[in-house]
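Each chain, letter by letter, is given below.
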Amino acid sequence: MVKCGIALVGLELLLLAACATEPRPSEKFIDQSDEAKPGLVLQIGPPKDGASTLRIAGPLLQGATIEGEARRDGEGWQVALLKLSWFSNWANGWTQASFLLDGTASLKPAPSGWALEIEKAPQLDSPDSASIRYFDTYVRDDKGLEEFSHRWDRIQAVVSDLASKPDASALSGDIRKLRRYLFPEIYGYDTPPAPGHAKAWVQGFAWNSDYTRQHFSEPLRILRDSGTLLRDFKESPGLWRLAFAWKALWGRDGTVMALRNARP
Amino acid sequence: MVRSVWIIVLLLAAFQASAEVLAVVLDQDLGSPLEGVQIRVQGSDQAYMTDEKGQVELPSPASSQRVLVTATLLGYKTVKKILATGQVKIVLEMSLEGAVEGQELVVEGTKPQQTDAQGGLSQVVTSQDIQAQTMGIVEDAMSAIKTLPGVGYTGAFDARPSIDGGDPSETVATLDGAYILDPYQWSGTYTIFNPDLVDSIKLSDGIIGAPYGQVMSGLLEVNSKTPSDTDQHLDFGLSTTGLDLFFQQAFGDQAGVLLGGKVTWMEVPLALIGESDLFVTDPYIRNATAKLYWNPTPNVSWTLDGNLDTDGVAIGVDGITLHLFENETLVSSALKVLVSKNLLWNLMLSYNSFDTDVGFQAPLREPDAPPGLISTDSTTQDDYRYQARTSFDWTPNESHVISYGVDEMLENWSEGDNGTSYPGARAEPADFSPKPFSSNLSGKNTLSSGAYVDDSFTLVPGTLTGEGGLRVDHSVVFGGGELLQTYPVVNPRLRLTYTFLKDWGLIQSMDVNAGSGLYSQFPADNEYMDTKNGVTSLDLGPTRSWFNVVGLDVQGTGGETLNLQAYYKYYIDRFYTATTNASDPNATVLKYDGTGYAWGFDLGAKKQTTFWDFSLSYSFDDTELYNPGGPGLSPSDASDPLGAWYYPSYQVFNTLYADLTVKPNDEFSILTQATVASGTPTTSGGRTNWQYPVDVKLDWHGFYSLSKVRWEYYVGCEDVFALLYFIRPTAAASFNIGFPIPSVGYKLSY
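Line by line, the protein sequences are chains X and L. Take 2 as the starting number for the first sequence in this note's numbering and just add one per residue. Take 1165 as the starting number for the second sequence in this note's numbering and just add one per residue.
Honestly, the hints are just simulated from the structure, not real lab data. There may be inaccurate statements among the hints.
Sample of chain L residues facing chain X (criterion: CB under 7 Å; computed from the structure) [unchecked claim]: (1) 1204; (2) 1292; (3) 1393; (4) 1504; (5) 1506; (6) 1722; (7) 1773; (8) 1830; (9) 1831; (10) 1835; (11) 1867.
Below, computed lysine to aspartate or glutamate pairings styled on DMTMM-like, alpha-carbon distance capped at 20 Å [unchecked claim]: (12) X:144 <-> L:1417; (13) L:1244 <-> X:148; (14) L:1245 <-> X:74; (15) X:248 <-> X:120; (16) L:1696 <-> L:1777; (17) L:1244 <-> X:142; (18) X:144 <-> L:1395; (19) X:144 <-> L:1757; (20) X:84 <-> X:137.
The model shown is predicted, which means the values in this text are computed figures rather than measured ones. Note that beta-carbon positions come from the ideal geometry of N, C-alpha and C, so glycine has one too.
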């Protein structure tokens, strides 16, 4: 009986200890932009069974956090990017989602500090879980994942479509320019529309369907003219930023990012 | 023994090591198996290929709990799916490349109960509608009901509107299915329906189906929120005079709890405007609510509701103190059992008590009276109601839902009058000694019973639908050595809806509806229900009305709605009181031969867009009543004459509401509500003032950065132009208080 009591107390202490704080990272790297406000922070936890936890966060990830695993490889680390967690809100709700990643990178000393080289670019195309609050409705589990996946598919389709545009880099880097491009009827035209242009009326709002035809590929036109893309944009602006940032950060194999070691 | 266990463990481990997962790949649109699909498993470089059945065996994930499975096939969109340890089968559905899911899959919350709105029967307001309109000294969900077509104007301080020209008492309210004795607070100023508690309200003002008894002009079905999310949720609201706090949590799919309440803090705003001494007891409301549901199996659902509502005020005017205190308790339990796939059994039990204390304290002001003498009077009423309802909903085929059931309502009512009086100078000689008085009227018990059968039918799918039923009601009054019975009444009801136009230009659908029905209501708490007041058993019947309605509903392709409804209602056996001696309160007789009629029409139009919402509601009503009286009888109430047609006090000829909400962006909205009411006719032929209040509400809301906490601020003002009105000195009365009423609110929700 006494042993049982001791075991229970021990278990409780163990649980309390586990809940207390995250383990202090043993290594911390930041990008070489602004030391006070780094765009990317990579933290490696203490090793356990040869592997350490990896956490990447920072404004460049648009509020997302990457989790993974790091193993010592000579002076550097071999890194596996396994999961991305993302959260964003808007005026009438929020969205929380996670993606499973399948990417690898190496973190090695470089002449100017450290270099994170993407060996296998992680793709953000496998949402793993999602929860959504829309006004007072909560959508979780399979339904949440399904609805989030559709939205993510649509955003990715638009992002891919934009990549072929001549001013793609300007659009992807400036959310204001992007929204003017996507929805000039609301955020203002760069050049005034032709008088008498074709209109698609949805919920009392007239979409310029001539503009849609000129600037969007066939599968996306119905999405814009129905107001679906506008809702995707208004309800998940952070997701668009993530889609663009992801391509810029880890878009292709062999991308190298310069980091510096910032002792934790 | 230990050895055997080890062998089993090793065998299991061996089995685990060699376990495989069956992957099946299908064409998403056709459902056919896809051959030659390349499958890759995260952490392995090996590729697998599906056979002609679209199947392939993959190694079970062993090292990590979840791995990614990727399926690729030329011409198809690559599909990735999670495979968990222990999973024995994974199905991957692939669609042709280039297909992007469209509008119908946009994240969108459904509006609860919205589909319950039916032409010729009911209108529904959701919690979103209620939150958008809520403001005022006390936030009340009723404010969203008051602007609906068919609802007569009442002003800001009366929550008891006339529905389709009926007496406010002809409208019955239910909370989660249980009838409520008195859902009002501060003697009818507001209701107990807190906007944070309510999920939706359905106002049935058409041909109400046979399942509902003791209702004549309107049925207000209030549904409280049902926690459905396993995360904990909090709603906190701080408004002009009150503080609300509600907590919700679901436990899996099977159970959940809602707890919450409201307290007012009028002391603070009164102090702010320098009127701390205005009330002897500052107006207060203290409400608490609890809801618990449990679905032990998919076929059984059980709900327990508890509500405790108290309110009161005492005001001192020129040394005289008037007080009002009210307490209400409602406990209800509902059980639904899906007996078979086409038979649902419902059971509802409830207990409801309501007590009031109204009275005064006044100093005796007679020239010769010694100082310090106080007259007091306190009238208390206690009402208890026990309710049991059970029914079966049988769906023999897709075209019919047949309901049959019985309901019993036992109500006990009593009244007490206590105080102290002084004969004073009226006595000879003058007597200034206190004369305590105490009288108790042991109320009768009233048992109201009903049985019904009702059929919601579809004659031509999508074109001709309806509801028809028959209801029998009967009441027995007993107690005090008496037994009074009403004659049983039969209430048939029928409503038809014919959709004659679909998908024509900008019109999505257009339908007409018509219906007719008999309704009855018995006043269980009438203090004169006694043979000494002229009531005779089996001669007595409930008040009845014959209600007829015809309407037109138009649904536009852009979500616009237009509703027109006209009605005619005829009353028979209506109760009223008269007196044989105006100076003797014991000479009152209860009559039940009153008649009357109400006719009118109403129009509702609604349009919602991305940047603005507009709704228009217009109601016209003409109600006139007739109390025949008899020889030697005089009216006991000057406003209800005998032998002459008269307009009841609640009647309003014209009520017009125009609501415009401008939404420049998702965070900000401005609601402007303009009202015109033509005033109430009086028995003398005059009218109260025309009313044209304009209410404005500015709302700003959003979520705190990177958090799930929602915030909202609003500033509202009711009757903003009140000070500019031209006040007619001859007006008998006014609905409103004559100056603008500002209100503010701050809400947090997690």
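Consistency of the hints with the structure:
1. 1204: 9 Å, violated
2. 1292: Since chain X brings a Cβ to about 6 Å from residue 1292 of chain L, closer than 7 Å, the hint holds.
3. 1393: 4 Å, holds
4. 1504: 28 Å, violated
5. 1506: 27 Å, violated
6. 1722: 6 Å, holds
7. 1773: 3 Å, holds
8. 1830: At about 4 Å, which falls below the 7 Å cut-off, the nearest Cβ of chain X leaves the hint on residue 1830 of chain L intact, so it holds.
9. 1831: 4 Å, holds
10. 1835: Interface hint status for residue 1835 of chain L: violated (16 Å vs cutoff 7 Å).
11. 1867: 4 Å, holds
12. X:144 <-> L:1417: 14 Å, holds
13. L:1244 <-> X:148: 16 Å, holds
14. L:1245 <-> X:74: 31 Å, violated
15. X:248 <-> X:120: 15 Å, holds
16. L:1696 <-> L:1777: Outside the cut-off at roughly 58 Å; violated.
17. L:1244 <-> X:142: 17 Å, holds
18. X:144 <-> L:1395: 16 Å, holds
19. X:144 <-> L:1757: Judged against 20 Å, a Cα distance of about 60 Å means the pair is violated.
20. X:84 <-> X:137: Distance of about 29 Å is beyond 20 Å: violated.
The earlier numbered hints that this structure contradicts are 1, 4, 5, 10, 14, 16, 19, 20.
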